[in-house]
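Trainee: Sequence:
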Amino acid sequence: MTKLKIKTGDTVKVIAGDQRGAEGKVLKILRSDNKVIVEGINMIKKHMKPSAQSPQGGIIEKEAPIHISNLSLLTSKGDTTRVGYKMEGDKKVRIAKKTNEVI
1 MTKLKIKTGD
11 TVKVIAGDQR
21 GAEGKVLKIL
31 RSDNKVIVEG
41 INMIKKHMKP
51 SAQSPQGGII
61 EKEAPIHISN
71 LSLLTSKGDT
81 TRVGYKMEGD
91 KKVRIAKKTN
101 EVI
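Quick note on the numbering used here: the sequence shown kicks off at 1 and runs consecutively.
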């Protein structure tokens, strides 16, 4: 299993695919598939049968997973950057490669 450099709660930008240029917050990480669910990105329509939870049923919109290679982390200034690591004392921290600031 590979080390994923994007964490839940990070703000990311889509750099490839139909949603290119869109930004959102990471909601969930699917480590086994190397995919991420991002808020408001890659929306799909799902047909739901009536059930106890949703007695009405109908069509709902939800986020579908997007591959992690199609995402880039955003810095606090709004620039895309790659992620690196460095040791601060005895703690390992993530840094933005462009600006060397701690994420």
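Keep in mind that the hints were calculated from the coordinates and are not lab data. Owing to the predicted nature of the structure, the values given are computational and were not obtained by experimental measurement. Glycine residues also receive a C-beta, built at the ideal position from the N, C-alpha and C atoms. Heads up, some of the hints might be wrong.
To be verified - Dumping the calculated DSSO-like pairs for lysine-lysine here, alpha-carbon to alpha-carbon at most 30 Å: (1) LYS98 x LYS62; (2) LYS77 x LYS49; (3) LYS5 x LYS86; (4) LYS91 x LYS45; (5) LYS28 x LYS45; (6) LYS7 x LYS49; (7) LYS3 x LYS49; (8) LYS62 x LYS91.
Unchecked claim - Derived Cβ-Cβ restraints for the label pairs, each shown as a range: (9) LYS86 x LYS45: 28 to 34 Å; (10) GLY78 x THR8: 18 to 24 Å; (11) LYS45 x ARG94: 17 to 23 Å; (12) ALA22 x LYS92: 27 to 33 Å; (13) ILE44 x LYS77: 41 to 47 Å; (14) GLU101 x LEU4: 16 to 22 Å; (15) LYS25 x VAL102: 28 to 34 Å; (16) LYS92 x ASP18: 22 to 28 Å; (17) THR80 x MET48: 33 to 39 Å; (18) THR75 x ARG20: 24 to 30 Å; (19) ASN34 x ASP90: 26 to 32 Å; (20) SER51 x SER76: 39 to 45 Å; (21) LYS3 x GLY40: 23 to 29 Å.
Trainee: Work down the list of hints and note, for each, if the structure agrees.
Mentor: The hints, checked one at a time:
1. Of the supplied pair hints, the one linking LYS98 and LYS62 is violated, its CA atoms being roughly 33 Å apart against a limit of 30 Å.
2. The hinted pair formed by LYS77 and LYS49 fails the criterion: a straight-line CA distance of about 44 Å is larger than 30 Å.
3. For the given pair, LYS5 sits about 13 Å from LYS86 by alpha-carbon distance, which is consistent with the 30 Å threshold.
4. For a cut-off of 30 Å, the pair hint linking LYS91 to LYS45 is broken: about 43 Å separates their Cα positions.
5. Only pairs whose Cα atoms come within 30 Å are accepted, and LYS28 paired with LYS45 is accepted, the gap being roughly 19 Å.
6. With a CA separation close to 33 Å, the supplied pair LYS7 and LYS49 exceeds the 30 Å bound.
7. The suggested pairing of LYS3 with LYS49 is violated, with an alpha-carbon distance near 38 Å, which exceeds 30 Å.
8. With a C-alpha separation of about 37 Å, the suggested pairing of LYS62 with LYS91 is violated against the 30 Å cut-off.
9. LYS86 and LYS45 have their C-beta atoms about 44 Å apart, which leaves the hinted 28 to 34 Å range violated.
10. Taking 18 to 24 Å as the suggested C-beta distance range, the pair GLY78 and THR8 conforms, at roughly 20 Å.
11. Separated by about 35 Å at the C-beta atoms, LYS45 and ARG94 break the suggested range of 17 to 23 Å.
12. A hinted range of 27 to 33 Å for the beta carbons of ALA22 and LYS92 is consistent with their spacing of about 31 Å.
13. For ILE44 and LYS77, the hinted distance range of 41 to 47 Å is not satisfied, since their beta carbons lie about 32 Å from each other.
14. Here the CB-CB span from GLU101 to LEU4 is close to 20 Å, well matched to the stated 16 to 22 Å.
15. Distance hint check: the CB atoms of LYS25 and VAL102 are about 19 Å apart, inconsistent with the given range 28 to 34 Å.
16. In this structure the supplied range 22 to 28 Å is violated for LYS92 paired with ASP18, their Cβ-Cβ distance being about 35 Å.
17. A hinted range of 33 to 39 Å for the beta carbons of THR80 and MET48 is consistent with their spacing of about 36 Å.
18. Between THR75 and ARG20 the CB atoms are about 19 Å apart, so this pair departs from the stated range of 24 to 30 Å.
19. Between ASN34 and ASP90 the CB atoms are about 30 Å apart, so this pair conforms to the stated range of 26 to 32 Å.
20. For SER51 paired with SER76, a C-beta distance near 43 Å keeps the hint of 39 to 45 Å intact.
21. Distance hint check: the CB atoms of LYS3 and GLY40 are about 26 Å apart, consistent with the given range 23 to 29 Å.
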